Every structure is written in structure tokens, then in C-alpha cells.
Amino acid sequence: MLHNTDRIKVILVDDDKDDIELFQEAFSSVKVKSTLSFFMDGAEAMDYFNSSESEIPQILFLDLNMPKIGGIEVLTKLRQMNRYKKMPIAIYSTSSDEADIEDTLGLGANIYIVKPNNFEKLKKAIDEILKIQWQYENDKLDLRNYLMVFD
Numbered sequence: 001m002l003h004n005t006d007r008i009k010v011i012l013v014d015d016d017k018d019d020i021e022l023f024q025e026a027f028s029s030v031k032v033k034s035t036l037s038f039f040m041d042g043a044e045a046m047d048y049f050n051s052s053e054s055e056i057p058q059i060l061f062l063d064l065n066m067p068k069i070g071g072i073e074v075l076t077k078l079r080q081m082n083r084y085k086k087m088p089i090a091i092y093s094t095s096s097d098e099a100d101i102e103d104t105l106g107l108g109a110n111i112y113i114v115k116p117n118n119f120e121k122l123k124k125a126i127d128e129i130l131k132i133q134w135q136y137e138n139d140k141l142d143l144r145n146y147l148m149v150f151d
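Residue numbering for the sequence shown follows the numbering used here, starting at 1 and increasing by one per position.
Don't read these hints as lab results, they were simulated from the structure.
Fair warning: this is a prediction, and the values are worked out from it, not measured in the lab.
Honestly, I wouldn't trust all of these hints.
Below are the DSS-like pairs computed for lysine-lysine, each with C-alpha atoms no more than 27 Å apart in a straight line [unchecked claim]:
{"id": "1", "residue 1": "33", "residue 2": "68"}
{"id": "2", "residue 1": "123", "residue 2": "31"}
{"id": "3", "residue 1": "124", "residue 2": "17"}
{"id": "4", "residue 1": "124", "residue 2": "31"}
{"id": "5", "residue 1": "86", "residue 2": "131"}
{"id": "6", "residue 1": "17", "residue 2": "31"}
{"id": "7", "residue 1": "115", "residue 2": "33"}
{"id": "8", "residue 1": "86", "residue 2": "9"}
{"id": "9", "residue 1": "77", "residue 2": "31"}
{"id": "10", "residue 1": "121", "residue 2": "131"}
{"id": "11", "residue 1": "33", "residue 2": "86"}
{"id": "12", "residue 1": "31", "residue 2": "86"}
Whole structure, please, built from the sequences with the hints as guidance.
And the structure:
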């Protein structure tokens, strides 16, 4: 359970430096107390998640198309690991293809965000997601009911 003074730990996995910078800038303006870490590809992220000493984030933002290990593979592997079955995962992708959205939600993603080309939309999406995540954490709500799509 999070308390009012706790910070939501957020991880972003994305190979595009410009997208990371934009996300960091939008993230820094949200009202929910939170910290952001990031990895440049799925392999780096899996190294982190495979460590028993890694801290489980309250939410993971995951790009689909990355070198080494793609987002679908990371999502699939994480959902097979007991430690991460309940961790909220938001797919953060340029793809607005309905098949990608359905596939990732079917594999266990909780949120699908089409990367906005508008900074204000990105800020609003991140802010809403973190507020909802904070609410789920504090009220111990069932994450199986936690599905959202931002387009």
C-alpha cells in the first residue's frame, strides 16, 4: 500500500532517445509523487527484472518495437514470472493497429497508449495513469479490471 508520502516507482523501456526525453519532460510535470527509471531496450529491462534484488515498480511503460528483445517478448516473459504477474504494464507505442492493442491486452498489458504527437496529451495521459495507479495501490483494487486505451 502506498501512503501519501510514498512515491510511485515507474520504469520506462524505450529505445528512442527523443521519446524518452519527451516522456521524462512530461513525467516531471505530473502531480503524483513518483520516480522514473528507464532502460534502452528489452534486454536491459529483462536483466533488471530477472534480478531477485530488483525493486518491483508500481507501473511499467513498455515500447513494442525495440532491438534485442521486443516489447511483446518482455510482456510475455514478465507475465510468466510470478513476481510480476500483478505488476501493471502500459504499452507505450507508435502503433495504433487494433491487432497490436488486442494482442498486448490479451497477453496481460493493462494499458495501451499510442504515443501522442502532442506534448499536452502525453502529460495528461501520464498524469491520469499515475493517479489511477495510486488509487489502485491505496484501495487494493483488483488489477484484472484495470484496462485502458489512450489513442
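Each hint tested on the structure:
At roughly 32 Å between alpha-carbon atoms, residue 33 and residue 68 are farther apart than 27 Å, so this suggested pair is violated. Only pairs whose Cα atoms come within 27 Å are accepted, and residue 123 paired with residue 31 is accepted, the gap being roughly 10 Å. The suggested pairing of residue 124 with residue 17 holds, with an alpha-carbon distance near 21 Å, which does not exceed 27 Å. With a C-alpha separation of about 11 Å, the suggested pairing of residue 124 with residue 31 holds against the 27 Å cut-off.
Pair hint residue 86 plus residue 131 holds up; C-alpha atoms about 18 Å apart against a cutoff of 27 Å. Proposed proximity of residue 17 and residue 31 is supported: the alpha carbons are some 24 Å apart, at most 27 Å. Our distance criterion of 27 Å between C-alpha atoms is met by residue 115 and residue 33, whose separation comes to about 22 Å. Restraint check for residue 86 and residue 9: the C-alpha separation of about 15 Å stays at or below 27 Å, so the hint holds.
Restraint check for residue 77 and residue 31: the C-alpha separation of about 32 Å exceeds 27 Å, so the hint is violated. Pair hint residue 121 plus residue 131 holds up; C-alpha atoms about 15 Å apart against a cutoff of 27 Å. For the given pair, residue 33 sits about 21 Å from residue 86 by alpha-carbon distance, which is consistent with the 27 Å threshold. This hinted pair checks out: residue 31 and residue 86 have alpha carbons roughly 24 Å apart, not beyond 27 Å.
Violated hints, in rising order: 1, 9; the structure is consistent with all others.
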